[in-house]
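In case you want the letters, here they are:
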Amino acid sequence: MRVALFITCVNDTLYPHTGQAVVTLLERLGVEVGFPEAQSCCGQPQFNTGYRHETEPLVRRYAAAFHDYDYVVAPSGSCAAMVRDNYPRIGAKAAAEGRGQELADAAAEAVPKTYELTEFLTDVLKVTDVGAYYPHTVTYHPTCHGLRMLGLGDRPRSLLAAVKGLNLVELPGADECCGFGGTFAVKNAAVSAAMGADKARNITATGAEAVCTVDNSCQMHIGGTLARQGSTVRPVHIAEILASTEGNVW
Amino acid sequence: MPAFPAAADASTRNTQLRANLRHATHTIRAKRATAVAELDDWSSLRAAGAAIKDRSLRHLDHYLEQLESAVTAAGGHVHWAADADEANRIVTELVQATGEREVVKVKSMATQEIGLNGALATAGITAYETDLAELIVQLGDDLPSHILVPAIHRNRGEIRDIFAEKMAQWGRPAPEWLTDAPADLAEAARLHLREKFLNAKVGISGANFMVAETGTLVVVESEGNGRMCLTLPETLISVVGIEKIVPTFQDLEVFLQLLPRSSTAERMNPYTSTWTGTTDADGPRTFHLVLLDNGRTDTLADTVGRQALRCIRCSACLNVCPVYERAGGHAYGSAYPGPIGAILTPQLRGVQSELDASLPYASSLCGACYEVCPVAIDIPEVLVHLRERVVEGGPVSVRGTRTVIKPAKGHAAERAAMRAARWALDHPRVLRTGQRLASRTRRFHPRRLPGPGRAWSDTRELPKVPEESFRDWWQRTRGESGTEGRKTT
Ligand code: SF4
Chain S
22 MRVALFITCV NDTLYPHTGQ AVVTLLERLG VEVGFPEAQS CCGQPQFNTG YRHETEPLVR
82 RYAAAFHDYD YVVAPSGSCA AMVRDNYPRI GAKAAAEGRG QELADAAAEA VPKTYELTEF
142 LTDVLKVTDV GAYYPHTVTY HPTCHGLRML GLGDRPRSLL AAVKGLNLVE LPGADECCGF
202 GGTFAVKNAA VSAAMGADKA RNITATGAEA VCTVDNSCQM HIGGTLARQG STVRPVHIAE
262 ILASTEGNVW
Chain H
462 MPAFPAAADA STRNTQLRAN LRHATHTIRA KRATAVAELD DWSSLRAAGA AIKDRSLRHL
522 DHYLEQLESA VTAAGGHVHW AADADEANRI VTELVQATGE REVVKVKSMA TQEIGLNGAL
582 ATAGITAYET DLAELIVQLG DDLPSHILVP AIHRNRGEIR DIFAEKMAQW GRPAPEWLTD
642 APADLAEAAR LHLREKFLNA KVGISGANFM VAETGTLVVV ESEGNGRMCL TLPETLISVV
702 GIEKIVPTFQ DLEVFLQLLP RSSTAERMNP YTSTWTGTTD ADGPRTFHLV LLDNGRTDTL
762 ADTVGRQALR CIRCSACLNV CPVYERAGGH AYGSAYPGPI GAILTPQLRG VQSELDASLP
822 YASSLCGACY EVCPVAIDIP EVLVHLRERV VEGGPVSVRG TRTVIKPAKG HAAERAAMRA
882 ARWALDHPRV LRTGQRLASR TRRFHPRRLP GPGRAWSDTR ELPKVPEESF RDWWQRTRGE
942 SGTEGRKTT
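Just so you know, the sequences run in chain order S and H.
One point on numbering: in this note's numbering, the residue at position 12 of the first sequence is 33, and numbering is uninterrupted.
One point on numbering: in this note's numbering, the residue at position 110 of the second sequence is 571, and numbering is uninterrupted.
Hints in this document: simulated from the structure, not taken from any laboratory.
Don't take every hint at face value.
If you want a taste of the chain H side facing chain S, the calculated C-beta under 10 Å gives, among others [stated by the list, open to error]:
#1 A469
#2 D470
#3 L761
#4 V765
#5 G828
#6 P841
#7 E842
#8 V852
#9 E875
#10 R893
#11 D919
Backbone N, C-alpha and C fix where the C-beta goes; we use that ideal spot for every residue, glycine too.
Start from the sequences and build out the full structure, keeping to the hints where you can.
The structure is reproduced here in structure tokens:
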């Protein structure tokens, strides 16, 4: 089983600890992981803002970088969803525009092997107890793309429930968007901020010490809002919780 | 109309509006979920609804001609309107031909879309809205802000004040005893409207569905006012978008389950009125059907965007939309607010105006709208498709002719930035240099960003740039040839 990490541009640049947690976790579970350095961004910011043509080189790059691997694991629901939902569309449109089959083939190769981290753990490795220890009260925000595009369902919650020491508390209005939405946060700043403020208020009301997500980008928005409000609730990526052990709480 | 972000900026500050909307949308959203969960074949119904609509749209020309013959055979008259002006002209002339100067209306999205009330007013004809919420909007000299509950932005106190102040100008005044209790408000409206119904000689409606095979029109409503408008006047004029067609009477079986549960969370809606042409002994003596195109054929020509024409106007997408909840319906600047408006309006009207070009961006792409839509319109997919039209231009159909449009104004800087970012991302060495530079200068990073980034740092803390990117960490700890996985030691 050849497994590659897809450490997205946000993980790589702003949240390297999340990537390191993924490495620690997967290696602890006996998976040998590779990090093909030719990888880059999934193209989501460009695609979602309307610059489909700009994403095409990134689709090609993704397919080439991960060509030699059986699985690609990304600690990001939205980036995994970008590959799975939108790469086929990008390929099909390029073909329809008379630019041949090449991009569609690249997409077809990338899609079935791309997994979000919690999917990979539960569906491929078939583990829910990853031997983690995290002695904190945590609430879980299911990010929109993880929830609706990937259909992660209970996977992240069941992984968290198996963590020793962790006290999982329900988040009211959990399924509601936090208001990030990539360039939406800038283009419709007022609405985005209002959504973020409501989300932050709900999170603080749970009394949790940390709010867990499967996506660094939502975490950036939620964490930035919480911090501005003076809240002490920490945003934390699920990989960092799952990587924690008795001797080494992340 | 200002562009969406500016309008939404103002409405997010209106705390009363936000409270009204939050309360209303959360209540109906929860009820809808329960009503839908009762049916174990919901997903099949949803797929059937989408399939029937798709079939109707694929053969739209055929079904419309079939409908025209059936309506004509049943004693009705069919008129074709290419755009809003033509539709308004046809309706005005039809009303003028009756010699009447007043008409009663059952709530209709199509007439809202074309601004019929205004056009009639210019011709000296007064149109009375009879749907309770539409009445509130009309008396308040306001615009609807929700498909199903046009006055959702108003609370009971505001409604009482509007009735007390304005009813007299439009007919029977509000009673002295009027309070803000729902029963009182409903009674005041009932007394006011009854006079209108009994005097009206001309009624104007839309329709939820038109059946091609039989020429039957269908209106689904909850108050019974629609039924009064449809049956009491001598002349009935229905203005209906051409996409509202279904092939057979039996197809209604699917939609009459999907619609009420999605919109009002009811198992069955209280009033379903159907009419086929005219009948000698009952109902209007004269029936006119005005079939409205107004951008629909152009929308149909777009293979991705055409799914918006499946919409049955249930408003479920509005009720779950976090953006609609904060921005309110008026910010969308058309008869169709919320997620469906964000994809329908820029297709019906084009993306040339600043407002219409901003609508495809009025979404965080959270996908809640797609999840609830009873006819499975992939709204996020269409939003992104229309964003491409805004920033890159491309082929579209305008009044039936294929043409290539230019990008909307004001995206040059963004386009350049997106290209530059893509170039860096497609050259990992450049990316790495940038990351290292950012790390090295991290002590000097401002807490507030200039330019468009200010919008971010006004309400959120910026994440701190780490000392080392993942890429560099991997290289440092796993060695130069990290490409092939962990080195054996
Ligand atoms: S798009 Fe779907 S959910 Fe929204 S109003 Fe239309 S049918 Fe209802």
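Hint check:
1. Interface hint at A469(H): satisfied, since its Cβ lies 5 Å from the closest Cβ of chain S, which is below the 10 Å cut-off.
2. At a threshold of 10 Å, the smallest CB-CB gap from D470(H) to chain S is about 4 Å, leaving the interface hint in force.
3. Among the interface hints, the one on L761(H) is violated; its C-beta lies about 18 Å from the nearest C-beta in chain S, farther than the 10 Å criterion.
4. About 9 Å separates the beta-carbon of V765(H) from the nearest beta-carbon of chain S, less than 10 Å, and the hint is met.
5. About 4 Å separates the beta-carbon of G828(H) from the nearest beta-carbon of chain S, less than 10 Å, and the hint is met.
6. The criterion of a C-beta within 10 Å of any C-beta in chain S is met by P841(H), whose closest approach is roughly 8 Å, and the hint holds.
7. Here the hint on E842(H) is kept, as its CB sits about 8 Å from the closest CB of chain S, short of 10 Å.
8. For V852(H), the suggested interface contact is upheld, since its CB lies about 4 Å from the closest CB of chain S, less than 10 Å.
9. Residue-level restraint check for E875(H) holds (minimum Cβ-Cβ distance to chain S is 7 Å; threshold 10 Å).
10. Proximity of R893(H) to chain S holds as hinted, the smallest CB-CB distance being about 9 Å (cut-off 10 Å).
11. A least Cβ separation of about 7 Å between D919(H) and chain S falls short of the 10 Å threshold, and the interface hint therefore holds.
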